[in-house]
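Position in the sequence shown (from 1) plus 3 gives the number in the working numbering.
No lab work stands behind these hints, which were simulated from the structure alone.
Heads up, some of the hints might be wrong.
[What the hints assert, rightly or not] Straight-line Cα separation of at most 25 Å, SDA-like style, residue types lysine to any residue; simulated pairs:
1) Lys284 / Glu81
2) Lys314 / Val90
3) Lys207 / His252
4) Lys207 / Ser113
5) Lys188 / Glu237
6) Lys207 / His76
7) Lys314 / Thr216
8) Lys166 / Glu315
9) Lys207 / Ala68
10) Lys223 / Lys166
11) Lys284 / Gly222
12) Lys204 / Gly222
13) Lys150 / Asn103
14) Lys290 / Thr175
15) Lys150 / Ser113
16) Lys130 / Val292
17) Lys290 / Glu109
18) Lys36 / Asn103
19) Lys130 / Asn103
20) Lys188 / Lys166
21) Lys130 / Leu291
22) Lys71 / Glu81
23) Lys116 / Lys71
24) Lys207 / Glu237
25) Lys150 / Asp186
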Amino acid sequence: MRSTLLLGLALSACLTAQVRFSRDQISINVDGKPFTDFHYGADRGTDFHYGADRGKPYLAPLRSASGKIVTRHFPMEEVAGESRDHVHHTGLWFSYDDVNGTKFWENDPSYTKPHIGRIVVRNAQYKEGDRSGTLTAAMEWRSPEGKILLVEDRNMIFYSDPKLRTIDFVITLTAAEDVTFGDTKEGAFAIRLADNFTERKGAKMVDADGRVTMANVWGKRSNWVDYTAEVEGERLGVAIMDHPQSPRHPTYWHARDYGLFALNPFGRNAFDPTQEESQWKLPAGQKLVFRWRVVIHPGDAETGHVADLYKEYAAQR
Numbered sequence: 004m005r006s007t008l009l010l011g012l013a014l015s016a017c018l019t020a021q022v023r024f025s026r027d028q029i030s031i032n033v034d035g036k037p038f039t040d041f042h043y044g045a046d047r048g049t050d051f052h053y054g055a056d057r058g059k060p061y062l063a064p065l066r067s068a069s070g071k072i073v074t075r076h077f078p079m080e081e082v083a084g085e086s087r088d089h090v091h092h093t094g095l096w097f098s099y100d101d102v103n104g105t106k107f108w109e110n111d112p113s114y115t116k117p118h119i120g121r122i123v124v125r126n127a128q129y130k131e132g133d134r135s136g137t138l139t140a141a142m143e144w145r146s147p148e149g150k151i152l153l154v155e156d157r158n159m160i161f162y163s164d165p166k167l168r169t170i171d172f173v174i175t176l177t178a179a180e181d182v183t184f185g186d187t188k189e190g191a192f193a194i195r196l197a198d199n200f201t202e203r204k205g206a207k208m209v210d211a212d213g214r215v216t217m218a219n220v221w222g223k224r225s226n227w228v229d230y231t232a233e234v235e236g237e238r239l240g241v242a243i244m245d246h247p248q249s250p251r252h253p254t255y256w257h258a259r260d261y262g263l264f265a266l267n268p269f270g271r272n273a274f275d276p277t278q279e280e281s282q283w284k285l286p287a288g289q290k291l292v293f294r295w296r297v298v299i300h301p302g303d304a305e306t307g308h309v310a311d312l313y314k315e316y317a318a319q320r
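Assemble the whole structure, with the sequences as input and the hints as a guide.
This is the structure:
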């Protein structure tokens, strides 16, 4: 079962939106067309368990304004000929692999590794706005023993636009106890793109500083990174943007040439061995607030005007 969040393109009037929460996911439609699904789990008694037991909530698939899917189907679906590595790469998600030693990144329940945690959605609600809709989810980052390490409030704002698909994320992490984020490359705000978005298939990765290819982008700090590829005969790009108000801006990038596309504000020495190892401490009751944007656009970074889109985003307060 699923519920549907509908966004219309109404420039001179308030949007009409409709949400009915079901047991496993919420579908987001823009202009009458499917955009993405938020997989938040099935309520079984007093707890939430994720659709297909993925260990964390996620958005999948992501589609362009023209309706083309830009994320990998696996592991939610098995498609002939598609890559099947890294089963913990689930559409678009946010997690990190060292929170007081607990692993929230490589945390698929099929893994037998020790210290695997899970991110549990406690509730979700929708609020409509002008040409957009906001989906807010309250979550708990739990240790293997069930102890709450972090409380997360995630605001996702979906915008209606004839050419773009844009999602703004405002993520607030509150420490339920004294927390330390260790220094690892495995994180954090990520998309696993479709296999078209691989350099061996002609995809192009570029960052805000003009660096091109994974060899030059990975492990660097930059305001944004854009990944473009040919998808069903159309050139499409996906950009992730780090807002200037985010802690440790500009972020490091864990962007790979096989389609993993992630920013990571927590790691430091893992990306640059000349830097001191990071042990980011968050005392109990203290908060971190991150702001990130995802834009799916036609064309590449230049023709898609990604630099201009970032300037508009960065100017928001």
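*Hint check, failures only*: Violated: hints 1, 2, 4, 5, 10, 18, 19, 20 and 23.
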